[in-house]
Each structure stands twice: as structure tokens, then as C-alpha cells.
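Visitor: Those protein sequence lines, which keep their order, are chains A and B. For the first sequence, numbering that gives the first Met the number 0 begins at 0 and goes up steadily by one. For the second sequence, numbering that gives the first Met the number 0 begins at 0 and goes up steadily by one.
Honestly, the hints are just simulated from the structure, not real lab data. Here the structure is a predicted model, which is why all the values come from computation and not from measurement. Note that beta-carbon positions come from the ideal geometry of N, C-alpha and C, so glycine has one too. Accuracy of the hints is not assured; some may be wrong.
[To be verified] A partial selection of chain A residues facing chain B, derived with a Cβ cut-off under 8 Å:
(1) R102
(2) N147
(3) L183
(4) K184
(5) D197
(6) V244
(7) T342
(8) S431
(9) I454
Below are the chains, spelled out letter by letter.
2 protein chains.
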Amino acid sequence: MFDVAKLKAIVGDDWVIADRAQMERYLIDETYTGLVMKPADNVVVVKPGNAEEISRIVKLANEEGFPIYPRGGGTGVCAGAIPTRDGVVLSLERLDKIVEVDRENLMVVAEAGVTLGHLLEAVESEGLLFPPHPGDEGAQVGGLVACNAGGTRAVKYGVVRNYVKGLEVVLPTGEVVTMGGKLLKNNTGLDLMHLLIDSEGILGIITRAVLRLYPRFAGPATLVISFEDRHSAIRSVPRILQSGVIPMAIEYVDRDLMEDTARYLGTTWPVTKGKTHLIVIVTGTNEDDVYEQCQAVAEVCEANGAVDTLMAENREEQAHILHIRSEESMTYKAQLAEILDVTVPPAAVGDMMDEVEKLAAEYATRIPMVAHAGDGNFHPHLMLELKERGLDREVKRRIYAKAVELGGVISGEHGIGKTRLGEIDMCVDAKSLELMRGLKNLFDPNNILSPDSAIK
Amino acid sequence: MFDVAKLKAIVGDDWVIADRAQMERYLIDETYTGLVMKPADNVVVVKPGNAEEISRIVKLANEEGFPIYPRGGGTGVCAGAIPTRDGVVLSLERLDKIVEVDRENLMVVAEAGVTLGHLLEAVESEGLLFPPHPGDEGAQVGGLVACNAGGTRAVKYGVVRNYVKGLEVVLPTGEVVTMGGKLLKNNTGLDLMHLLIDSEGILGIITRAVLRLYPRFAGPATLVISFEDRHSAIRSVPRILQSGVIPMAIEYVDRDLMEDTARYLGTTWPVTKGKTHLIVIVTGTNEDDVYEQCQAVAEVCEANGAVDTLMAENREEQAHILHIRSEESMTYKAQLAEILDVTVPPAAVGDMMDEVEKLAAEYATRIPMVAHAGDGNFHPHLMLELKERGLDREVKRRIYAKAVELGGVISGEHGIGKTRLGEIDMCVDAKSLELMRGLKNLFDPNNILSPDSAIK
Numbered sequence: 000m001f002d003v004a005k006l007k008a009i010v011g012d013d014w015v016i017a018d019r020a021q022m023e024r025y026l027i028d029e030t031y032t033g034l035v036m037k038p039a040d041n042v043v044v045v046k047p048g049n050a051e052e053i054s055r056i057v058k059l060a061n062e063e064g065f066p067i068y069p070r071g072g073g074t075g076v077c078a079g080a081i082p083t084r085d086g087v088v089l090s091l092e093r094l095d096k097i098v099e100v101d102r103e104n105l106m107v108v109a110e111a112g113v114t115l116g117h118l119l120e121a122v123e124s125e126g127l128l129f130p131p132h133p134g135d136e137g138a139q140v141g142g143l144v145a146c147n148a149g150g151t152r153a154v155k156y157g158v159v160r161n162y163v164k165g166l167e168v169v170l171p172t173g174e175v176v177t178m179g180g181k182l183l184k185n186n187t188g189l190d191l192m193h194l195l196i197d198s199e200g201i202l203g204i205i206t207r208a209v210l211r212l213y214p215r216f217a218g219p220a221t222l223v224i225s226f227e228d229r230h231s232a233i234r235s236v237p238r239i240l241q242s243g244v245i246p247m248a249i250e251y252v253d254r255d256l257m258e259d260t261a262r263y264l265g266t267t268w269p270v271t272k273g274k275t276h277l278i279v280i281v282t283g284t285n286e287d288d289v290y291e292q293c294q295a296v297a298e299v300c301e302a303n304g305a306v307d308t309l310m311a312e313n314r315e316e317q318a319h320i321l322h323i324r325s326e327e328s329m330t331y332k333a334q335l336a337e338i339l340d341v342t343v344p345p346a347a348v349g350d351m352m353d354e355v356e357k358l359a360a361e362y363a364t365r366i367p368m369v370a371h372a373g374d375g376n377f378h379p380h381l382m383l384e385l386k387e388r389g390l391d392r393e394v395k396r397r398i399y400a401k402a403v404e405l406g407g408v409i410s411g412e413h414g415i416g417k418t419r420l421g422e423i424d425m426c427v428d429a430k431s432l433e434l435m436r437g438l439k440n441l442f443d444p445n446n447i448l449s450p451d452s453a454i455k
Numbered sequence: 000m001f002d003v004a005k006l007k008a009i010v011g012d013d014w015v016i017a018d019r020a021q022m023e024r025y026l027i028d029e030t031y032t033g034l035v036m037k038p039a040d041n042v043v044v045v046k047p048g049n050a051e052e053i054s055r056i057v058k059l060a061n062e063e064g065f066p067i068y069p070r071g072g073g074t075g076v077c078a079g080a081i082p083t084r085d086g087v088v089l090s091l092e093r094l095d096k097i098v099e100v101d102r103e104n105l106m107v108v109a110e111a112g113v114t115l116g117h118l119l120e121a122v123e124s125e126g127l128l129f130p131p132h133p134g135d136e137g138a139q140v141g142g143l144v145a146c147n148a149g150g151t152r153a154v155k156y157g158v159v160r161n162y163v164k165g166l167e168v169v170l171p172t173g174e175v176v177t178m179g180g181k182l183l184k185n186n187t188g189l190d191l192m193h194l195l196i197d198s199e200g201i202l203g204i205i206t207r208a209v210l211r212l213y214p215r216f217a218g219p220a221t222l223v224i225s226f227e228d229r230h231s232a233i234r235s236v237p238r239i240l241q242s243g244v245i246p247m248a249i250e251y252v253d254r255d256l257m258e259d260t261a262r263y264l265g266t267t268w269p270v271t272k273g274k275t276h277l278i279v280i281v282t283g284t285n286e287d288d289v290y291e292q293c294q295a296v297a298e299v300c301e302a303n304g305a306v307d308t309l310m311a312e313n314r315e316e317q318a319h320i321l322h323i324r325s326e327e328s329m330t331y332k333a334q335l336a337e338i339l340d341v342t343v344p345p346a347a348v349g350d351m352m353d354e355v356e357k358l359a360a361e362y363a364t365r366i367p368m369v370a371h372a373g374d375g376n377f378h379p380h381l382m383l384e385l386k387e388r389g390l391d392r393e394v395k396r397r398i399y400a401k402a403v404e405l406g407g408v409i410s411g412e413h414g415i416g417k418t419r420l421g422e423i424d425m426c427v428d429a430k431s432l433e434l435m436r437g438l439k440n441l442f443d444p445n446n447i448l449s450p451d452s453a454i455k
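Next up, chain A with everything else stripped away, as it sits in the complex (with noise of 0.2 Å):
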């Protein structure tokens, strides 16, 4: 199958991990407990230095025949970088260099195993910024490249897609191929860079992002807005961007979960009013327009039916505020079987949530969700006993149907990866799934990444 002394001829003995022992944190990552796979028996880990390297190993793989399961941070939730056949973990730790903060373009070039904390790090270090934050600052650039990572921060400058302008790319055949630069405008035939962001390793790994990046704004500022009820909250939403205010981030939260995650956490939740919240995170050109757009977002939500408004200036307290938001799962993570990330046209999200209820109530189960309201993004848990029961697949295909009857998918940022494979037909059509494997055999005619993440 793989001969570990030609990899290590590639890469140096040092960066081969053979001993099964040695290598388990490379064959798990994030994914739920109720869906999580058993990596395969024969793996063996390489920590290639350079792009050449990758590219060696991969053309050693199209003449040998194995895959190679490309890794970044390990921080997927969808089984994505789970080795589950014999073959090779690439992982992209080494390339961990920022190459340059470039402010005369406001563009950050970094390599594909840089993680997001220290990326931020860089970046703001210049005084810029880099707005998106997908949660787990231990992800890696390739990895929120590959999988145009989301999270809470995509409201007012869009996810990750939007701030990729050139990428280094070793494709599957081999080859290193540059794509874009640090370019805002390029129309320079098919693109092929918007193909491999989304493209979740099967079509090329990621070894060099050019990303786009902001003065750092004024603010932020953070507003913990109470309602009574949910339709109250979801309803608001649409009437601050209309107001002209545009927020970083837009977030639905049940105070009883907030409160539950401050309990499990030692602390305090430091609202007491209400049964729902939107937690609003606003930045602004100086001080006074934030405070300003603070002022319209309490004005909109007051006169649709707000009951309180938080609103946290100083570091600490929104800080404080969005660690209790960032940890909810961990209150119940050892009951927690999946969590879904159905995303639909934002007003529906009061809807999909009414459905989510009724569905716990049928099933007598317990589904708490969070919801990135600004998005339409929109996360429901599932827990471990509902699929004891053998009914968390019936449950999560309903969820799944709803979404799709409003207009929406089954996946807004979480991906595909292996553990949504199965419902993918849900919410596209039989010839795009034949274009995206004819594409898959395009880039990767031997089948050699990730093979298994592939549309069969």
C-alpha cells in the first residue's frame, strides 16, 4: 500500500508518525459523539514542511494508490479530516508561517497551518483586522479556507468566501498552482479559487491563503437585548438592518440556556429579564457612530416588543457575555448526540424554530438551539438518549425537510464532510451531485483526497 520510508525520504524521519500510539489526536477531530467514525486500522502521519513536499507525497500517492486525508486544525464537526481508510494524515502544522501583513493592501498572506488565534494575533498586532470568527481559534487558515468556515461574525462582511484572494494550491494530480493574489477584482476565465474554497480537501490542499482584511473599527460594542418571546426577537431582525444599521453579528439565545452554561461555567449570566435574547455586536467608523447605531438597534427592538437592553462597552464584560454564548454546548456535551446546522432565508429562522419545538415535543426530547438570527444560520442540538431511541436520524430528517420546504439547506457552515453525506439529496438535485463528483474526478482522477468525503 505506502512505504513509510519513502515518505520519510520526502519529509525526514522526524516528521512521520508510524506508532499507532503516538498518532490518536490525528485521527479523531470535533465530531459529535453520536456520529463519530472509527478511523481505519493502517495510517501513518506526515507533517510535510513546504508545498513541494506536499506535492511529492501526492504524486507518491497517485503511483502507490493511497489516500491522503489532508488536516488543519482538527476543529471539524462533520468527520471530515477522520482518516477511515488505510492511507496517510497530511497534516498542515508545519506550514505555519505568516508571510506578511501587508497594510498597504490591507491583505494578510498566510500559510495553511497558521491557526486563527494567531492569525488574529498578527493581524491586530497592525492595528487591523480580521472580522470573521468561526469559533475555535485552534482552526487552521487551509481548514477555514477549505471549509468557508461561518460563525457569528458574518452578518455584516459575509463568511470566510468573502475575504480569500489568492490561494496556493497542491492539486490532486500534484501539480502547485497559484490562484488570485492580492487582488479585489479578477475575471480571468472559470474560477477556480471559488471552486476550491467549500471544496473540503477532496479537490486540492490548501498550503497559502491571501486574505482580505479591515481597518480595525471602532467598538466593538455588545448589546444583550431581551424579549418575552421568540417571534418577538426573530421579527427584530430584519427591522435593524433596515434601520441601516448593519452588526458584526446578530445572535437568538434562550436566556435559560445562557443562565444553565453561567451555572455550568461558575459565573453569573448578568441578564435577568425576559425569556429570549438577541445579542448584537456593533463596530462603527468612531465612537459616536457606534454609540449611535447602539442606540437605533435598542430603539428598533423596543418598539418590536424588547423588554431590557444590556449594552456592554468595556472589554471585560463582552467578553464575559460571549464566553457564556461560546461554551452553551459544553453545559450538556456529554449527552449531546449531534448538533445541526440547517441554514434558511433569515426571517424563517422563527419558524424553523417553532418546527424544532413541536418536533421535541412529539419526540419527548430535549432540543435547545442557538441561532446566528443575522444569517438564517441555525443550530439545534440533538441529544445522545434521542438516539438510544434510534430516532435522532428520523428527527434530524425532519428538521431537514422543514428546511428545505423554506427555502433553505441542510449545511450553512458546518459542511458535508462524511456525517452529512447521507442527507446531501435533501437539498440538491440529482445533476448537480453528478457534476460535483465528475468535477471531484476532474481535480482527482486516482481518488487519492479524502476519497470517502466525496458525493458517491
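With the hints as your guide, set chain B onto chain A.
Guide: This is chain B only, laid out in the frame that chain A set:
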């Protein structure tokens, strides 16, 4: 080859033009004088009324082996819409319905044949905004998407790609498929929608688009800032952005070109100081914010050598300035061979302009130029006299070579069409071109759609 009767059976007798004298305007587009291509002798124009009729025409084309040239507003400048082989021109003009302006989701759903002018009017009458403005308002939605149109207003929220959230497409094999929807996040497999954007009519016929809208911001205010030299103007651009202000547009123009244009138009350019200008268009959350941003822009520019700033706030004054800017090529249209469309990293625009000026001197010709300075997109104008001396291709290739050397590409917003196919290998590698050919073959195995616009 093709049977007019069969086409009439699909769309109705009234919607087929077979008489050459009546189809002249369907045989050309806005391709520059020096590059215009001769239309083929045997052409039929069909005007289907919906996607289903288009599907039937495409299936017929596959059966009978004739090419189809999809046609939007005919405002392209690269001969993409010119039928250079015997075949069918398929005009989208009857798909002219705004299906919905959705205030709750801040989206507009429009058929492909809706003109930009009609779209803007419909959106603005609902108090909303579609920010991009790629010049000619006779352009149609399908073409804007298929060509990923850019224009001046791409600095703040990007080119048309950023606004496209859903498409309905008739594939070259006849299937009608839907991609995306009213969705701000969508990670469901390989992204066919982003592959269709900027596919210039070779991978499918776009019949409907869902586009993201924004609230109508306060403003716009337009500044004309004067500098004595080019580099002070260009150097000010990143300083403006670093200050935290992101204008909708930052244009570079030479004063003498604006004065010539104004004279040609029988009016006066309102600024008399400086040799070069930045034209900056600012919007904001409210009037105070717009005013403060304008102040900030003026201060930054003054600190970088600006000698004068005109702030135009009223509608007429702004319209006057932008009208003169947009008509600049009219002054010498009859002498114009071609307008180039190179794009470089924004900070390199000054170097690019120096090179063009040097080449103009070397070849003893005049090369007027304007630049979308905020996004590095740069339009040198080559004159017919250069072509008459047989030197246009040489000068063009030298400009392209410099752009590529600076990290740029040969087209930022106008696209490749047919007229730039010969130079695309200057900025795209052989393997990527091979993949583009493979993509064309995958989507369009019988090479039906705009066959002569595809990479050979």
C-alpha cells in the same frame, strides 16, 4: 444545421428572427472598435419566455449540434455575445420580471433579462440598496452575474459575486437546476453557484438570480480631492482605508481628461486645482457619520499632499461629477482601439501607471487612463493609431507583463470573452487552463454554449 421551424415551435413564431436585416443589433455588443469580430453568416435570434423553453432549445441544440450564444444586455466589451459561428443567439430579454423585492430577507429575486436600471429602480422604491454599479444600466442581471461585474462601487461591499446568493440555471445539457437561495450561508458540497458566477455563458444560461440587498445608507456624499502628482493620490488610498473609512468608491482620474470630457459634453468640470484627482464616494449610518467620514478622508488626503477638496453633497452636483467621470471615453471614442482592464494589488496602481506612461512615451502614443484605485483595477486606453501602426498587441502584452510582474491579472472586471483568450496564459498556468477546459467539457460535452469563448 438548425431548423427554424423547430425553434418557432418552442418559442412561438413572434419570437424568432431569421431575417438578417432585423437582427443587426443582436450581432454586436460594446466590443471596442479595434477588436470587433465579424458575426457569422447564418444566425437565428430566439427570444424564449421562460427557463422551460430555454431548456428545450438547449436540448434541441445538443440533438442537432448547433451552438447557442446567450445574450443579455449586450453591454460586454470582449465580444462574448458576438455569434462568430453559425448558430442561435438566445436573448434573455423576455425574462424581464422582478419576481420579488423581499424586505424581510433583504434580497431581490429577478429574472435574467431584468436590466440593471430596472433592478435599481425596483429596489430603491422599496427603500433598499443594491450597491454595485457596473456602468451601463442596460446591462441585464444574467450578464451581471455571468460576468461577475465590478464597476466603481466595489470598494465597500465587493463585486457582483458577493451579492449573488441563489441562481436558477439551464445547464448546457438542458437540465434546469437551482443553486443556493435566500441564504447568507450555504456549505452543501462543491459550490457550483460560484463556478457559474464569472463563467461568461459557457457553463450554463442563468435564468434567475437571488441578490443580497442592503439598507439605504445615509449619503452618498462625493469628494473630489486634488493632488499635484499621481503618487500622492495613489498613496493616499491605503491611508484612507487604514483610517477606518471604507468608501463605496475611490476613483483615480487626471484633471485634463475630466476637463476634455466636460468640454466634449458641453459643460464644465467643477475643479480647477491639482493635476490629478481622487473621486471618493462615502455612505454611512446617518448624516453625521457621513460628514465625519468625509472630514476624515479630507484630512488623510491633506496630510498626504492634497491641495484641494470639493465636497459635493447635493444630488445634482454629485450626478454632474459622476456623469463626466462615466463619459470619459466618449471624448475620443472614434479614435479608441481598446480599453484594457488590468488589475494589480491596490498599492501598485501608481507603479502600473508609471509604466504605462513610460510605454506611451516609448511608442510615441497617447494612453489615457482611469483607475478604480480603491480596488487596483486600472483601464489604460489604447488608440486606433497604435493599432494602425501594428503595435497595439505589443504594447498590450507589455502592459500585461508588468501587471503580472506586480502580482496582477489581465482582467479585473471586463472578463476574457473572446478578445482576451489569446493572452490568458500570461496570468493563468497551463494546469489551471487544462482544468478549465475539463470543466467546460464536463458541463457541456457537446460544446454548445458560446463555444468560441472557452479556453482552447
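Visitor: Restraint: A:I454 near chain B, CB-CB cut 8 Å. Satisfied or not?
Guide: With a closest approach of 6 Å, the A:I454 hint holds.
Visitor: Would you settle whether the hint for A:T342 is holds or violated, based on the nearest Cβ-Cβ distance to chain B being less than 8 Å?
Guide: Where the cut-off is 8 Å and the nearest Cβ of chain B is about 5 Å from A:T342, the hint holds.
Visitor: Given a cut of 8 Å on the nearest C-beta pair, is the interface hint for A:L183 held or broken against chain B?
Guide: 4 Å, holds
Visitor: Could you check if A:K184 really has its C-beta closer than 8 Å to a C-beta on chain B?
Guide: 3 Å, holds
Visitor: Does the closest beta carbon of chain B sit nearer than 8 Å to the beta carbon of A:N147?
Guide: Nearest chain B Cβ about 5 Å off; hint holds.
Visitor: Taking the closest Cβ pair, is A:S431 under 8 Å from chain B?
Guide: 5 Å, holds
Visitor: Report holds or violated for the interface hint on A:V244, using the least CB-CB distance to chain B and a cut-off of 8 Å.
Guide: For A:V244, the interface hint holds, since the closest Cβ of chain B sits about 6 Å away, which is under 8 Å.
Visitor: Quick check on A:D197 please, does its C-beta sit within 8 Å of some C-beta on chain B?
Guide: 5 Å, holds
Visitor: Under 8 Å, Cβ to Cβ, is where A:R102 needs to be relative to chain B, so tell me if that hint holds or is violated.
Guide: Holds. Min distance 7 Å.
Of the hints listed earlier, there is not a single one the structure fails to meet.
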